[in-house]
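One letter stands for each residue in the lines below.
2 protein chains.
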Amino acid sequence: MSILVVGSVALDTVETPFNRVEEVLGGAASFFSTAASLYSQVNLVAVVGSDFPQEYLDFLRSRPINLDGLQILDGPTFRWVGRYHMDMNARDTLDTQLGVYAGFHPVLPAGYLDSELLFLANIQPELQMEVLQAAPRTRLTVLDTMELWIMPAREQLTEVMKRVDVLLLSEEEVRQFTGKASILKGVRDLFALGLKYVIVKQGSYGALLFGVDGTYFSAPTYPLEEVSDPTGAGDSFAGGLSEAGGCPWQSDRLFRLRGL
Amino acid sequence: MSILVVGSVALDTVETPFNRVEEVLGGAASFFSTAASLYSQVNLVAVVGSDFPQEYLDFLRSRPINLDGLQILDGPTFRWVGRYHMDMNARDTLDTQLGVYAGFHPVLPAGYLDSELLFLANIQPELQMEVLQAAPRTRLTVLDTMELWIMPAREQLTEVMKRVDVLLLSEEEVRQFTGKASILKGVRDLFALGLKYVIVKQGSYGALLFGVDGTYFSAPTYPLEEVSDPTGAGDSFAGGLSEAGGCPWQSDRLFRLRGL
Chain A
1 MSILVVGSVA LDTVETPFNR VEEVLGGAAS FFSTAASLYS QVNLVAVVGS DFPQEYLDFL
61 RSRPINLDGL QILDGPTFRW VGRYHMDMNA RDTLDTQLGV YAGFHPVLPA GYLDSELLFL
121 ANIQPELQME VLQAAPRTRL TVLDTMELWI MPAREQLTEV MKRVDVLLLS EEEVRQFTGK
181 ASILKGVRDL FALGLKYVIV KQGSYGALLF GVDGTYFSAP TYPLEEVSDP TGAGDSFAGG
241 LSEAGGCPWQ SDRLFRLRGL
Chain B
1 MSILVVGSVA LDTVETPFNR VEEVLGGAAS FFSTAASLYS QVNLVAVVGS DFPQEYLDFL
61 RSRPINLDGL QILDGPTFRW VGRYHMDMNA RDTLDTQLGV YAGFHPVLPA GYLDSELLFL
121 ANIQPELQME VLQAAPRTRL TVLDTMELWI MPAREQLTEV MKRVDVLLLS EEEVRQFTGK
181 ASILKGVRDL FALGLKYVIV KQGSYGALLF GVDGTYFSAP TYPLEEVSDP TGAGDSFAGG
241 LSEAGGCPWQ SDRLFRLRGL
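So the sequences go chain by chain: A and B. Take the first sequence: its position 172, counted from the start at 1, is 172 in my numbering, and no numbers get skipped. Take the second sequence: its position 155, counted from the start at 1, is 155 in my numbering, and no numbers get skipped.
Any given hint might turn out to be false.
[What the hints assert, rightly or not] With the C-beta cut set under 8 angstroms, the calculated list includes, among others, these residues of chain A facing chain B:
id, residue
1, Gly103
2, Ser182
3, Ile183
4, Lys185
5, Asp189
6, Phe191
7, Gln202
8, Leu208
9, Leu209
10, Tyr216
11, Ser218
Hints were generated in silico from the structure; no laboratory data involved. A virtual CB, placed ideally from N, CA and C, is assigned to each residue, including glycine.
With the hints as extra help, turn the sequences into a complete structure.
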C-alpha cells in the first residue's frame, strides 16, 4: 500500500521545561512520513530550502519514503519555534516562518499516481487544496490542520474540509473552529460539512473517533514515564493510522452512539 | 453480593457556570451507594444531622441500600460548597463543614458482617480506619479520598492506604500525595505502600488502572453533550466498579506494562 502526503518539512526550535533543541528535523509531513513508513510506502510532497541539512535528507531517504516530490528551492526552509508549558499538553508557538512554502506549488511525479491513501498534513489550506485536486482518486482522504490556519484561513480550510473523508483536530481546535464548548456539538457541526469521520486528539489522554453513522471509538495512550518533546506526536499518530489501511477502528472495540 | 460502604452523606451547594443548586443530596457515600445499588446490595455506614431532609432518606430507602448503619444525631449535617470553572474538570471547594461527622464513631450492625466488598469512600481517614478495623474480612477493600485529607491528614491516610487493596485518586491527587509530576512514577510510589491496584481518575477523559503486577487498563468515558453538575462523578464511577464484583478489569482489553 502507498500513501501520498503533503505537508511541512521544517526546522524546529523547541523549548520544554527540561530541554532546548535548535533547528532539528521537524514539520508535520516529516513526522507523519517517519511513522507511516513503518507500515507503508510513503510518497512525500514538500519543499525545503537550500539551507536544509543533508543529514535530514539522508534520514528520510533511509526509510521507504519516496522523495521524488520533494523540491529543493533557493531560500530558507520552513521554521517553527515553540515552547511547552510545565504540563506538556500545552504549548505556545513563538514564531513561524513559511520560507520557501510561501510561493510553493507542488508537482506530483508520475510514480505517485497509484497512491491508495491521501494525507493532507498541516500546511497552508491553499496548498492542501492544490494537492487534493491534482491527486488521483484515492480510497480515503485524511486532513490535519492547526491553530495557525483556523482563523486566518478559515474559508479556504472549510473548502478543503468539504472534500475529504476524515478530519483530525485537537479538542482546542474543535472549539476554535466551531465555537462550541461541547466537543459532541462541535463534531456535529463538522459532520454538516460532509465529513465521514472526525478524530479528536486529546494529547496525553488519547484520541476519540466519531463517525457520521454514530461510530464512536476511544483510543487510549501508552503511559510514558518521561516525555522529552511532544512535538509531532499528533502527526506520528496520524502516520500510525495507516497501519490498517486507514481504518484501524474497524475493530470489536467500536460501538455506536445513539442520536449523534 | 453486598458492599459495605462508609463515607459522607451530605448537603451540597454547587455553582457551575450555568446553574446553582443549594443543599441538595450529596456526599461520597450517597453517590457511591446510588450507583452500586444498581448491581448489588449496599450496607451504608454514615451519619446525618437532625436537619437532614426526610425526602433524601426516602430516596436512599427506595433502593437496595440498607440504612441500619446510618445514625441520625443532633447537630448539623455535613455540608460542602463548591464552584466549577468553565472547564467542568476543575473546581474550587469554597467551604466544608463536617458537622456531626466531627465526633462520629460508626457502629456496624450485625447484618453488615457478611459484606463481601468494603468501600472506604471519601471521609476523615481516622473514620475510614475505624471501619476497616471493625469490618469483617472482605474479599476486596477499596479506598477513595480527596485533596481535603491529603495534606492535613497525610499520616493517618497513609496508614489506611497500607491496609487496602485498591486506591482511587485523581491525577492531581496522585501528584499532590507523591510529589511526582509523572503519574507512572507516582503510582510506583503508591505500590511501595502495599497497594495491589491504583485507579487514576482523569475526569472527563476516563480512568486508568495500574496493577502492581504490571496490569494496565484504560477506561474511556461515554461522551456527553451537556454536563450540568459533575459532583460525585468519581464516587458514582467507584459504585459502578462493583458490577463485576470489584474486578471489571478482568477483561480482554487488559494488557501488561513492561517494567512497571
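Q) Do the numbers back the hint for Ile183(A), that is, is its least Cβ distance to chain B under 8 angstroms? A) 7 angstroms, holds
Q) Holds or violated: Gln202(A) as interface residue toward chain B, Cβ cutoff 8 angstroms? A) Cβ of Gln202(A) sits 6 angstroms from chain B, so the hint holds.
Q | Interface hint status, Ser182(A) versus chain B (Cβ within 8 angstroms) | A | 5 angstroms, holds
Q: Verify the interface restraint on Ser218(A): the C-beta must sit less than 8 angstroms from at least one C-beta of chain B.
A: 3 angstroms, holds
Q.
Less than 8 angstroms between beta-carbons is the criterion; does Phe191(A) satisfy it with respect to chain B?
A. Violated - the Cβ of Phe191(A) stays beyond 8 angstroms from chain B, reaching only about 14 angstroms at its closest.
Q: Report holds or violated for the interface hint on Asp189(A), using the least CB-CB distance to chain B and a cut-off of 8 angstroms.
A: 12 angstroms, violated
Q | Restraint outcome when Leu208(A) is required to lie within 8 angstroms of chain B by C-beta distance | A | Holds. Min distance 7 angstroms.
Q. Taking the closest Cβ pair, is Tyr216(A) under 8 angstroms from chain B?
A. Nearest chain B Cβ about 7 angstroms off; hint holds.
Q: Under 8 angstroms, Cβ to Cβ, is where Gly103(A) needs to be relative to chain B, so tell me if that hint holds or is violated.
A: Since the shortest Cβ distance to chain B is 41 angstroms, the answer is violated.
Q) Does the CB of Lys185(A) sit less than 8 angstroms away from some CB of chain B? A) Holds: closest Cβ of chain B sits about 6 angstroms from Lys185(A), inside 8 angstroms.
Q. Minimum Cβ distance from Leu209(A) to chain B below 8 angstroms?
A. 11 angstroms, violated
Hints 1, 5, 6, 9, counting from the list given before, are not met by this structure.
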